[in-house]
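Trainee: Residue numbers (the numbering used here): 45 to 164.
Hints may contain errors.
Claimed, not checked - Lysine-lysine pairs mimicking DSS-like chemistry, simulated, CA-CA at most 25 angstroms apart:
id : residue 1 : residue 2
1  : Lys123    : Lys153
2  : Lys136    : Lys63
3  : Lys101    : Lys63
4  : Lys134    : Lys101
5  : Lys117    : Lys134
Think of the hints as simulated: they come from the structure by calculation, not from any bench.
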Amino acid sequence: MKVLILTLCLAAAALAQEKYDSVDDNFDISEVLDNERLLNSYAKCLLDKGPCTPEVKKVKDKLPEALQTRCAKCTDKQKQIGKKLAQEVKKKRPDLWKDLVAHYDPQGKYQESFQDYLKP
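Full structure from sequences and hints, please.
Mentor: Below, the structure is given as structure tokens:
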């Protein structure tokens, strides 16, 4: 799930010292959380089990870097969206959260930093 949250938070490609593109900062995360079909579609993309929309593909491509750098290039809005998404998926869809964590962090390297990220 951590992957899903960060994935939905990230935008287009960026240079090493820049923030990710803020073009998607107005993304309505409640639309995804309130729509089981849409959430499942995004999850399948992130888990390499289904097709990706161009928007989710951009996020998916940046997700590994975001995990490694503790979302250093994320805008404040992207961090806020990601945090909300992660908290909700972890609480309401623990099965999906487990799959995403297993896919993007199989060795558990990012667990501590991600737990810090999710703190209120």
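Trainee: Evaluate each hint against the coordinates.
Mentor: Verification of the hints:
no., hint, verdict
1, Lys123 x Lys153, "holds, 20 angstroms"
2, Lys136 x Lys63, "violated, 30 angstroms"
3, Lys101 x Lys63, "holds, 18 angstroms"
4, Lys134 x Lys101, "holds, 22 angstroms"
5, Lys117 x Lys134, "holds, 23 angstroms"
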